Structures are given as structure tokens and as C-alpha cells.
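Numbered per the UniProt record's numbering, the sequence shown spans residues 1 to 323.
Derived by calculation from the structure, the hints in this document are not laboratory data.
Note that this is a predicted model, so its numbers are computed, not measured.
Incorrect hints may appear among the rest.
[Stated by the list, open to error] With a straight-line Cα cutoff of 30 Å, these simulated DSS-like cross-link-like pairs (lysine-lysine) come out: (1) Lys236 - Lys130; (2) Lys131 - Lys93; (3) Lys266 - Lys177; (4) Lys121 - Lys160; (5) Lys163 - Lys91.
[Stated by the list, open to error] Have a look at the derived ranges for each label pair, beta carbon to beta carbon: (6) Glu298 - Leu203: 13 to 23 Å; (7) Pro119 - Phe233: 30 to 40 Å; (8) Gln315 - Asn168: 23 to 33 Å; (9) Arg164 - Phe233: 40 to 50 Å; (10) Asn168 - Glu298: 39 to 49 Å; (11) Lys131 - Lys178: 34 to 44 Å; (12) Arg294 - Lys178: 21 to 31 Å; (13) Lys160 - Lys139: 17 to 27 Å; (14) Gln315 - Arg294: 19 to 29 Å; (15) Gly270 - His186: 17 to 27 Å; (16) Lys291 - His242: 12 to 22 Å; (17) Gln149 - Leu319: 17 to 27 Å; (18) Gln311 - Lys263: 18 to 28 Å; (19) Lys91 - Val199: 39 to 49 Å.
Beta carbons: idealized from backbone N, C-alpha and C, even for Gly.
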Amino acid sequence: MATMRRVVNRAIILGRANSAAVCGGFTGGSTVCHVAPYGACSSSSSQKLVDRLSLSNPYSAHSVRFGSSAATSLAQDLQSNSSVRSEEGFKPKDVVLFQYEACPFCNKVKAFLDYYDIPYKVVEVNPMNKKEIKWSDYKKVPILTVDGQKMVDSSEIIDKLVKRIRPNYDLDADEEKKWREWVDNHLVHVLSPNIYRSVSEALESFEYITTQGNFSLSERFVAKYGGAAAMYFVSKKLKKKHNITDERAALYGAAEQWVDALKGRKFLGGVDPNLADLAVFGVLRPIRHLKSGRDMVENTRIGKWYSDMDQAVGQSCRLNSNS
1 MATMRRVVNR AIILGRANSA AVCGGFTGGS TVCHVAPYGA CSSSSSQKLV
51 DRLSLSNPYS AHSVRFGSSA ATSLAQDLQS NSSVRSEEGF KPKDVVLFQY
101 EACPFCNKVK AFLDYYDIPY KVVEVNPMNK KEIKWSDYKK VPILTVDGQK
151 MVDSSEIIDK LVKRIRPNYD LDADEEKKWR EWVDNHLVHV LSPNIYRSVS
201 EALESFEYIT TQGNFSLSER FVAKYGGAAA MYFVSKKLKK KHNITDERAA
251 LYGAAEQWVD ALKGRKFLGG VDPNLADLAV FGVLRPIRHL KSGRDMVENT
301 RIGKWYSDMD QAVGQSCRLN SNS
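All chains should be modelled from the sequences, with the hints used to inform the complete structure.
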């Protein structure tokens with residue numbers, strides 16, 4: 001029964017009707033810092049702790065009991081939604097994400113892939129020499145290859161993928177478009193001054209480099225300490241550039257602004273997350289358990305929404321390197 005519920009959850013999400021609150025688009029420039037994960041990503045861009053079985057959907061939302069009649073209806077829904085997914089035909093055989101583990105824009109793409117159950121492999125890029133993407137004329141991350149086709153820029157990647165999954169999605173829905181742009185043009189700019197606020201926080205943010213990627217010991221040392229030192233100073237420039245006087249106040253303000261945008265809804269998309277929800281969740285996910293993220297959850301109202309998103313997105317669809 002648990003397995004059946006999991007299948008239904010994802011089938012319903014993939015087969016849900018198009019509405020103005022489902023998708024949004026992005027227009028805007030890019031922000032690039034050429035040193036480290038949180039600054040070296042295009043702005044037009046951890047496995048979950050909660051099992052997908054608790055995902056909110058029309059069955060759990062209305063407390064339907066799975067009796068004999070409900071089971072019959074469930075089987076019909078499974079067949080119907082399975083047909084919808086099959087007809088759309090988006091079943092890529094090889095999806096590879098070139099990324100920095102801590103990059104907010106890379107995490108936007110991963111949140112989308114995880115939510116839509118698209119398995120993907122990850123290639124961790126060395127933030128200092130970027131040798132893993134020397135083959136590409138595009139030198140920022142994320143870079144996504146789908147059956148050999150290269151896609152770049154997180155928001156453009158997501159737009160292209162959602163059109164393959166649901167061709168009728170409205171990428172110009174006003175509310176969702178507004179908040180997707182807000183993520184790329186505002187939210188990401190308050191993150192770097194926070195996670196690199198102090199030397200200790202900068203080192204904490206680069207701790208992942210000691211376990212991620214196929215790097216030598218010397219490369220890990222240079223990437224961690226060199227990157228942390230560089231980003232500590234870069235963050236001070238970003239703080240000045242974006243007129244941030246108090247890093248934490250800016251982060252808390254952005255979190256509260258997002259919660260206000262929900263207007264009492266579980267997600268901006270309503271019962272289910274939309275692309276704006278996934279974008280906010282994606283860029284916040286890598287900082288959630290850093291000091292800045294812990295402070296944010298403790299001092300704002302965003303915790304409930306984040307927890308609901310954690311359940312909705314579900315477990316990671318990331319494949320191991322040998323898959």
C-alpha cells in the first residue's frame with residue numbers, strides 16, 4: 001500500500017491540469033563570481049529526510065480511507081495518470097548535472113529533478129580549475145546534459161524540462177513568474193553575505209569539498225581553504241554592492257517576504273508546489289543546515305513551508321557514480 005501511494009503521488013503531480021499557478025518564466029541577467037560555489041553560478045538557474053509517502057495530495061488532503069471502493073478508484077487513477085505520463089514520453093536515459101554541491105542555482109535544478117522523479121548523475125566541478133567542464137564553451141554551472149543535449153542556465157534548464165513534461169504549462173503566469181525572478185534577482189544576493197559572513201562560516205560552507213568530487217588531497221585543500229578565504233572577501237563586496245547593512249536582517253526579511261507571498265496557502269502553487277516554490281526551496285536547501293540556515297529557520301516563519309517542501313520534493317533522484 002505504501003508503494004502504491006508513492007506511485008499515485010507522483011502520477012497525480014505529473015498529470016495535474018494546467019493552471020496559471022503551476023509554472024512561471026524568468027527573464028533577466030546573470031551574476032557570476034569566478035571563485036566558489038555560491039558565487040560561480042549563473043543566476044538565470046541532500047537527500048530528503050522525510051519519505052515521499054507523506055506527500056500532500058488529493059488523497060491525504062481529504063482524508064480518504066483506502067477501503068474497497070477507494071482502492072477501485074485508486075486503480076483507475078493509477079491507470080489514467082500512468083497513461084498521461086506515458087503519452088508525454090519524457091523518459092530520458094542519461095541525465096548528467098555538472099555542478100557545485102553548494103551552488104544555489106544547481107540546487108534549483110536538483111529540486112526540480114527530484115520533484116519530478118527524473119534520475120540524474122552528478123559530476124562535481126572543481127571550483128578552482130573547473131577541469132570537469134573544459135569540454136564546454138560555457139564555463140559556469142549548472143550545466144545539464146539530457147541524452148547528450150547540453151542545457152545551461154538554471155531557469156532556462158527548468159523551462160525546457162517542464163515543457164517536455166507538460167507542453168501546455170503557462171510559463172508566463174504572472175505570480176509565479178514574479179517570484180521566480182525574485183529568487184534570481186534578490187534572494188540569491190542575500191545568501192553569500194550570510195554564509196560567508198565570518199571566516200568560520202565560510203569554512204563551514206566549504207566543508208563539502210572534502211567529501212565531494214574526484215579531487216586529490218591537494219585539490220581539496222586548495223579548494224576548501226582558498227575558496228573560503230576568497231569568498232569571505234568577495235561576500236563583503238557583494239554586501240556593499242547590494243546595499244546590505246545587516247546580513248541576517250536581510251536574510252530574515254527575504255524569508256518573511258516569501259512567507260507573506262504565500263498568503264496562507266501551503267505552497268505558492270496551492271496544494272502542490274509550483275516552479276517558484278521549487279526555486280526558493282532549491283536555493284535555500286544547501287544552507288538549511290549551515291549556521292545561516294539554522295538561524296533563518298529559528299528566527300522567521302519559513303520553517304513550516306520548508307518542512308512541507310521537504311516532504312513534497314521527497315527523496316533525491318541522484319544516482320551514484322556507478323549507476
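Hints the structure fails to honour: none
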